[in-house]
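Chains as they are written, first to last, in my numbering: chain U, 1 to 671; chain L, 672 to 1009; chain S, 1010 to 1206.
For the record, the hints were derived by calculation from the structure and aren't laboratory data.
Quick reminder that beta carbons are idealized off the backbone N, C-alpha and C, glycines included.
Mixed in with the good hints, there may be bad ones.
[What the hints assert, rightly or not] Computed footprint of chain U on chain L, listed as stretches where at least three residues anywhere in the stretch have a Cβ under 8 angstroms from a Cβ of chain U:
#: 1; segment: 719-728
#: 2; segment: 778-791
[To be verified] Simulated pairs of lysine to any residue, SDA-like, Cα-Cα distance not exceeding 25 angstroms:
#: 3; chain 1: L; residue 1: LYS736; chain 2: S; residue 2: ALA1139
#: 4; chain 1: L; residue 1: LYS736; chain 2: S; residue 2: VAL1067
#: 5; chain 1: U; residue 1: LYS568; chain 2: S; residue 2: MET1201
#: 6; chain 1: L; residue 1: LYS736; chain 2: U; residue 2: ALA532
#: 7; chain 1: L; residue 1: LYS736; chain 2: S; residue 2: ARG1203
#: 8; chain 1: L; residue 1: LYS736; chain 2: S; residue 2: THR1060
#: 9; chain 1: L; residue 1: LYS736; chain 2: S; residue 2: GLN1121
#: 10; chain 1: L; residue 1: LYS736; chain 2: S; residue 2: GLY1153
#: 11; chain 1: L; residue 1: LYS736; chain 2: S; residue 2: SER1118
#: 12; chain 1: L; residue 1: LYS736; chain 2: S; residue 2: MET1201
#: 13; chain 1: L; residue 1: LYS736; chain 2: S; residue 2: VAL1044
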Amino acid sequence: MLSLLGTLGLLSALLGSVLLTWRGWLAATGHTDRGLAPAARLVLAGAAVAMGAMQLALITDDFSLAYVANHHASTTPFPFNVATAWAALEGSIILWGLVLAGFTWMMLRRHSRSPDRLGAAALAVMGAVAVFFFALMLTVANPFEVCTEAIANGCAASSPWPFAAVQAPLEGRGPNPLLQNHLLMAIHPPMLYLGYVGMTVPFAYAIGALALGLPGVDWLRRSHRSTVVAWSFLTVGIVLGGWWAYEVLSWGGYWAWDPVENASLMPWLVATAFLHSALVQRRRGMLQAWNFVLVISVFALTILGTFLTRSGTIQSVHSFTQSAIGPVLLGFLLVVVVGSFALFSARAHLVGSTPRIDHLVSREGSFLANNLLLTLYAFVVLTGTTYPLVVEAFSGARVGVGAPFFNRLAVPLSFALLLMMGLGPVLPWRLAPPRLLWLRTRGPAVIALAAGLLTALTVTRIGWVILTVVLGVFVLACSSGVLAEQARRQPGRHEGRLRATLEVIRSDRGFWGGQLSHAGVVLVALGIAFAANLGAHAEAVMSPGDTVVFAGHTFIYESPFQRSAPGKSTSGARLTVTEDGSFRATLEPSANYFGADPTGVSTPDALHLPGGDIYVTMLRLDAAGVTLVFDTSPLIWLIWLGGGVVAGGGAIAMTGRRAGTMAPARQTADV
Amino acid sequence: MSERLRDTVYLVFMTITVVALAALVLAAPDRDDRVQELGSRIRCPVCEGEAIIDSPAPMARDMMKLIRQRVDEGASDEEILSEITSSYSGAVLLDPPAEGATLWLWLAPLLALAGGISVILWWRAHPGGTPGSAKSATPSSPRRRSRAIAGGLLVTLVLGAVVVAAGSALQDREGPGGGAADLDSVDPSLVSNETMEAVIGANQDDPSIDGMRLALAERYFRAGDYRSAFPHYLAIAQSGTAADETAHTALVRLGWMAYDGNGEVETALELLDQALDIDAGSPMALYLKGLVLWCGADRPEEAGDLFQAVLDQADLEDETRTEVSDDLAAARRGEGCA
Amino acid sequence: MSGRWLRWLGAGVAVATVVFAVVLASRFGADPSLVPSPLIGEPAPEFALPTLDGTSTVSLSGLEGDIVVVNFFASWCLQCRAEHDDLVATAEAFSEQGVSFVQIAYQESPAQTLAYLDEAGISPAMRHLADPGSRTAIAYGVFGIPETFFIDADGVVVGKLVGESNALILGATLDSILGGDQPGETVTGDTMQRPSP
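Next up, chain U with everything else stripped away, as it sits in the complex (with noise of 0.2 angstroms):
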């Protein structure tokens, strides 16, 4: 019943989505926007059906749906078990299905009645590449085929047809066990695809104009907060990931360069250079070619990274099992590039601009920097993940490349990046007079070096850490000066200097928003710097009444334990962990076995300090004693929280004024 119910919302979701096509290429063509609302309507709510019927077979256990048998487990605690709708291949397109219907809805609302024609050609490129997803649910990766052949423990054959012979297993195989240990995973995906799928509506604005001949602003003003939307939760999508490899695999496990990693890194490096030469186009009107050029490329390093995490081409610690999808998203990927590239060529003559730069030094030239350092960056990332698949084409010769190659180009673009993100806000647009330049930064540059010398004779000497304080501390330095200078020249000053900061920030909260943004790279950046280069590690097999000292505490191998939940069996080592002979913590590091599965999932254990995190992690236990591993990652934390201050930047920028109105703001940085 809920295959069928599930196939139909499908159905119903792919007609909606011909019919947005073609209503919106109508629309866009000079003809009526009739049947845009109803077409977008009903996307959405065949994406809702399908979405609701997967949710309402996980939770009722129906393991007549092969996903649900191959993929849940009636043990399966919630909300593991709602969060295993996007735990595979098939259901994770549900969500990419619903997330862009989403989208498509909250561009129709925006469509106003008027003759709209470039919103309409956007409406219909959306429809166009959400006939795509829903086709590719309803033919290669069919989320509700009905299992006819059952297994101990899950699904050996299955039928697409919902009126097929059932024959439902009594119980589900579950979840993989690693995404059942820890609740991050259930989120991360979600977020993930929120930014991915929102970054499909830039490219159908840019598409739109570029059929429609209509070469300008306006596309990127319409697109612009969902731009930032997207680019927000693709940022935290990135760094919950982050965050749950660290939980889980404890030391530098936080980001390893995989490939799958890369596939989100690469989009996210490219939306965040168009973020800003948009700016630049809203502006002054240059960049327009290349901010097509980056549009396109967003959308189709997204379709990339699907392609690359899903088609089996490519070794990853995600080890998602090689499905048919491969050859179909290579095709869509092809599609796309090829078609848009060809579009953009074909209205070359209209997208070639215009105001040229005057000077290097300015504003302007700060963003060329940037977009070309972050450019530099994505095309590192995407050269190194595949070059292993292209050498192998070429001559079988089998390379690895692996975090040495990526951190070695890694860390001198993410030092310019630093240093350009302080100088970008202190530089005028159109020209930067030396002695204003000057002003500007010196007084940034007096107090991040002496910042760094601080860090010299009180933390550590390390170079890596140093440099990364230094040029941290100028970019918040720089900000605040530009913040300071406002406020200062505020009029009303008997209103406080803090209502009067907090007035420049209203006033132009996309500038603003930006700058928190840049100050969460900063966090970033020092809790990488700080982790790497100052975390301790030690290795000790320890029998009961053992004891090892590291970082400062005392930890006392007490017992080992055993404890046994509905679907989940742990096995682990109890600690007491004193510091200075008084009692901190007890932690029990273990592993954790899952239904039937005998690969157990090791859990780790931290002592969560201000200064950082102390983790310990179980690797053997048996007759001889326990193997513990101990690792302490300082000030790991200034990594989730800067990724939460830049999206939050992001949201903030979001509620800015309408963005890019070309009256020049009252109080922006235009010095």
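Using the hints, position chains L and S against chain U.
The following block gives chains L and S in isolation, referenced to the frame of chain U:
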């Protein structure tokens, strides 16, 4: 005036701090640890993408111990890495060397940076004209536009479909590796005696192995190696699951070997009788029994009867017929066997 | 940018993407986790390892002149247990042909391996060795077990089997080596990399 003083103060501050920092950082104890550095460049072969220095797996820790030992022995970084790659191949390195296939990997970012900078400089130097001036190229009639776009879309869709089809076809292709072979599909004529012995030895309890046993035993028999053939024929005869025809052949052979190899007439006759129990009209069994009776038991009359029974069979080859006839004649005449 | 330049840029990107997609597509069907061994055709790494009971040492050079089959295994490996009988049968069948079988314990204590072998059966045709520190496993580039290496009479690695083997494959491989061929690397199935904790 005071402005210049302020500037100087700032500059002095900055210079002092920079120098101080440089001194502190450079004077910091060297954290260079070759073992750590090498360990972070080698992928753990039993993990998923981790470097051996980061992995808790025992194999990774053994490899770290090996690295440590080699460093202590004075081996250079290149030597150690080349030893590891000659065992595991270059895929085990996380950091590809700047040579050969991976040289492009190192060059690409630099080339991209240079390219990006030159594009910016070129763009700056070449104004493209005022906005809206380049109206010429394509007249923007809606009809034409739609058609052009539709045509372009069709082309790209076809291209995409081709890629999907090709990709799906490639995806279904077999990966390397033959997989465990099916016993029933083996052609014994292609396999050596030792291999057959091995397969039989490993599958003693599998009833379908009798066919292979027979094939091997026949090989030995025809080569005159009764000693090797014997245990296999025996195993077939004693197995309760052998097919009639197989068991029959085994018993016939056993019978003949008992006589021809060991001179045991009674045993041979017993075995041949057992064979005839299964297939009373078998020419081979009848003939061999006849031979045994004639040559071994000196009972030419009975032998003659059996030879006659053989000749009564319709489907004998001429050569065989002649031979049996000759033997029959000789036996009837009461001669000793030749 | 002038329109013409952009036109070329657009076309160039489209063409480059097509090429890229073709390259990516060519990797369909190939398993990215399979790494071909660089040892095929190379001299086999020397080893001198103690037997499991510690009573003697067996070295590869000591077996020179024989074809040597080196099988890495452990009691916690399901495929190794499954192929045990076939290995023994093949070892015995080929023992007269100048073939020596050597089994090396991987990531396991000798006591545990011996306990398993007591139950599974020890044959005189098979030598069982311990590998302290996994040095030999590392030298042979072992990614998981079971992995079986075939070394010809001149000490060159001429074949490798990854995954569970059976008598037929082993025999056929040995036949081809005895006939002077180099069978190369074959993958028959999955290997195990660690015991379940």
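Quick rundown of the hints versus the structure:
1. 719-728: This one holds; 6 residues, not fewer than the three required, reach chain U with a Cβ under 8 angstroms.
2. 778-791: Contact hint for the segment 778-791 of chain L vs chain U: holds, 7 residues under 8 angstroms.
3. LYS736/L to ALA1139/S: Answer holds: LYS736/L to ALA1139/S is near 18 angstroms, not above 25 angstroms.
4. LYS736/L to VAL1067/S: 23 angstroms, holds
5. LYS568/U to MET1201/S: 24 angstroms, holds
6. LYS736/L to ALA532/U: The hint holds at about 23 angstroms.
7. LYS736/L to ARG1203/S: The hint holds at about 19 angstroms.
8. LYS736/L to THR1060/S: 22 angstroms, holds
9. LYS736/L to GLN1121/S: 23 angstroms, holds
10. LYS736/L to GLY1153/S: 19 angstroms, holds
11. LYS736/L to SER1118/S: 18 angstroms, holds
12. LYS736/L to MET1201/S: 22 angstroms, holds
13. LYS736/L to VAL1044/S: 24 angstroms, holds
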